[in-house]
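**Q** Keeping the supplied structure of chain R fixed, place chain Z upon it in accordance with the hints.
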Amino acid sequence: MSWRVGWGAAARGVLAALALALVLSPLAALVAQAAAAVLGGAGGWASLAVPTGRRATLLAQSASLALAVALAGMALGVLAGVALWRLPPRQRALARWAVWVAAFVPPYVHALAWSAAADRLQRSLVSIGFPRLPMRGWGLAWWVQVMALAPLAVGLALAGLQSLDRDAIDAARPLRPDTAVLLRVALPMAAPLVAAGGALLFLLTLTDYAVPSLFQVGVYAMELLTEFSAHHEPARALLLALPLALLAALVVAVGQRMLPLLPQRPGAAGEAWGLPPRWPPWLVGLQTAAGALLMAQLAVPLVALVALAVAEPALADTLRSAGGEIAYSLGVAAAAALVALPVALALGPMLARGMAGRGGGWLWLLAAFPVAVPAPLVGVGLIALWNRPGLEALYDSSAMPVLAAVARFAPLAVAVVAAQWRRVDPAFLDVARVLQARPWQAGLQVALPLLAPGCLAGMGIVFVLSLGELGATLLVAPPGRSTLTLRIYNYLHYGASGDVAGLCLVVLALALLVGAGTMAVLAAWGRLLPDSSRLLPDSSRVLPDGSRVLPDGSRVLPDGSHVSPDRGGGTP
Amino acid sequence: MIVVQDVARRYGATAALDGVSFEVPEEGTVAILGPSGSGKTTLLRLIAGLEAPDAGAITAGGRLLSAPGRVVAPHLRGMGLVPQASALWPHMTVAQNILFGLHGLPRAEARRRLDELMARTGLAPLARRYPHQISGGEARRVALARALAPRPRYLLMDEPLTNLDGDLRDALLALIRGLVGETRASLLYVTHRPEEAGTLGGRVLRLSAGRVVAGDAGAAAGHGRHDG
Chain R
4 MSWRVGWGAA ARGVLAALAL ALVLSPLAAL VAQAAAAVLG GAGGWASLAV
54 PTGRRATLLA QSASLALAVA LAGMALGVLA GVALWRLPPR QRALARWAVW
104 VAAFVPPYVH ALAWSAAADR LQRSLVSIGF PRLPMRGWGL AWWVQVMALA
154 PLAVGLALAG LQSLDRDAID AARPLRPDTA VLLRVALPMA APLVAAGGAL
204 LFLLTLTDYA VPSLFQVGVY AMELLTEFSA HHEPARALLL ALPLALLAAL
254 VVAVGQRMLP LLPQRPGAAG EAWGLPPRWP PWLVGLQTAA GALLMAQLAV
304 PLVALVALAV AEPALADTLR SAGGEIAYSL GVAAAAALVA LPVALALGPM
354 LARGMAGRGG GWLWLLAAFP VAVPAPLVGV GLIALWNRPG LEALYDSSAM
404 PVLAAVARFA PLAVAVVAAQ WRRVDPAFLD VARVLQARPW QAGLQVALPL
454 LAPGCLAGMG IVFVLSLGEL GATLLVAPPG RSTLTLRIYN YLHYGASGDV
504 AGLCLVVLAL ALLVGAGTMA VLAAWGRLLP DSSRLLPDSS RVLPDGSRVL
554 PDGSRVLPDG SHVSPDRGGG TP
Chain Z
0 MIVVQDVARR YGATAALDGV SFEVPEEGTV AILGPSGSGK TTLLRLIAGL
50 EAPDAGAITA GGRLLSAPGR VVAPHLRGMG LVPQASALWP HMTVAQNILF
100 GLHGLPRAEA RRRLDELMAR TGLAPLARRY PHQISGGEAR RVALARALAP
150 RPRYLLMDEP LTNLDGDLRD ALLALIRGLV GETRASLLYV THRPEEAGTL
200 GGRVLRLSAG RVVAGDAGAA AGHGRHDG
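Residue numbers (my numbering), protein chains in the order written: chain R, 4 to 575; chain Z, 0 to 227.
Calculated from the structure, these hints are not laboratory results.
The beta-carbon is built from N, C-alpha and C at its ideal position, and this holds for glycine as well.
Be aware that a few hints might be false.
To be verified - Stretch-level coverage of chain Z by chain R, calculated; a stretch enters the list once three of its residues show a Cβ under 8 Å from a Cβ in chain R:
{"id": "1", "region": "49-56"}
{"id": "2", "region": "73-81"}
{"id": "3", "region": "106-118"}
Stated by the list, open to error - Just some of the chain Z residues that point at chain R, by a computed CB distance under 7 Å:
{"id": "4", "residue": "A66"}
{"id": "5", "residue": "V70"}
{"id": "6", "residue": "A86"}
{"id": "7", "residue": "W88"}
{"id": "8", "residue": "T92"}
Pulled out of the complex, with its shape left as it was, chain R reads as follows:
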């Protein structure tokens, strides 16, 4: 049997190495070029890597915008999450579904919609004597980013609250008022997912330049694009990106420390608060305001875009002429989602297993870091890697935008599959391994179906994010081809027109369609395949290190070994 196990492990290792190469190769190419340039005696690299003057201001502006978006997003996430959490189960499931679907709408669609809405509001105010305010700047960029990314923060906060054990709430309510139960028990227990939402918002804002540039806010990510466009030197772009990458790496490293604290069980379907909680009016008021903002987040883009589009006489012609770009965008996004699946399957379980062991932190950093890399840098890395003699056929093909999307978003699919893997009781896999003669049979017939919801969710995320990808695609789109997002971005600089609104509505419809489809299939799958935690022995729980505690206090470690209950100095 040992040769078979050896071959299996080797095959898994090769697959994981290939998957890592697919995700990390653009960055590796950049690092190699930068190292060669520095070692070759190229001057001035220190001045690039250590920002001063205008660049230091840009970096500070990027960091402050990202921090402000993350803080506002977390506050909104917690308040709206709590408001949704106390809804009856059926309404809560519907709200959760709507929130995740809304998370799929690209930020530039929000930028256009909120610009149009703000413009309309301004015109009304000016007509009654208010002074005209500039429709650009830090405040508007912040608001649009918060609105665009809020569903992620709300969805994660709600997931954290729903994962709480009802007994934990029950035990607290006889002791203290419901406000203390919420603030001292429920929120701290949901904190890892709330913080994960904040970290995600920080990274997405830090590495984005599309929304800030539309509101004429200078950010560091835009500087990377400008620098590369001016000099066409990948090594310079990488050195310039180092401060931003370090900041992002810091957040990823903190996230890596919190990841093992994430809840092991999915959201409970039942009522967390049997009897509705009694909160003071100020808390209910804040929750209501957050709920109203969340509804505005959904309604304003839709209403503003429809109002703009129906006023455009040549809308039908615009949509017809964009048919090629729509089809091309769908093709690129579908290909990226398909390529991301084997990447996620190769790395996800390894990431989940590795988190408990030595070196797990590095593995997590390697897999998650690409999410924190500014989009233009991924594009520059792909150019450095593939723009070589003999590789023209590939470099000029549609494979480049697909590779860009995979390098940027496949790590998210990896994280989703890893999270799904951690929810699977190892006992299911142990039983399958004992019963099946060949390891791959256990993988195919037991592990894969248990991982399927994570695979589907991961592919859905990659598909929709690829549909809205701009920063890297701008640099690597093959000659004569353009995605819908590129076309919209180019139009957006001319203002909020009916044409652009029509195209944005197409993106919105596609995003909502894919988001709704993914959520519907996941819901159906959930009904078909009960959550494995319900099949665990009563009262057992999973610890941060991956070991499972049995009701008698003994523990089953991730490797299957058993530790007696008295390890912690246990007396009766």
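**A** Okay, now just chain Z, sitting in the frame of chain R:
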């Protein structure tokens, strides 16, 4: 005295409790015995104020606590609850778990009560440990100390010894009896193990399909622990 009178609770078409009536005397003990799904936990949650009854009334010390359309908040009932799985809060140490219910007391008084309970339950060396660093038996003692810390008049326990082995169960049962006797709290104890119910020395009620089907007449119905 807790008085439960004709209490009913439905979940959709399923009747979890159907016209349940009984009393828990002051400083007395009542054990509710029944199989899984008989409505034991629902009954305890109704008495704790975590759910509202569809019919009937629950009073304690002559004060109406629960009736359809009127439920006194759980923290205003003077009750302590020990859930089945201990439900210790993982982000708090053992000491912080116990101190949670002592908020509002002067710091010195809270500290004194904490030390007293920790010493009585043998938890003193574990004060700074987190729930995942202690054993199952220790977690049950922390849950008991946490519920008793505010000195409730009534203690509700939901199968607190489930999944513990024999020696551990006997020792914990003795600790429960001792502590409840010292604090003079009335005890309502839910279990599916007849021997556990019998050991407590109070009245035993049998619950089946949401109805009280039998009371243990031999256990001196309505008599408290201190009545002799």
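**Q** Okay, which hints does this one fail, numbers in order?
**A** Hints 3, 4 and 8 are the ones this structure does not satisfy, whereas the remaining hints hold.
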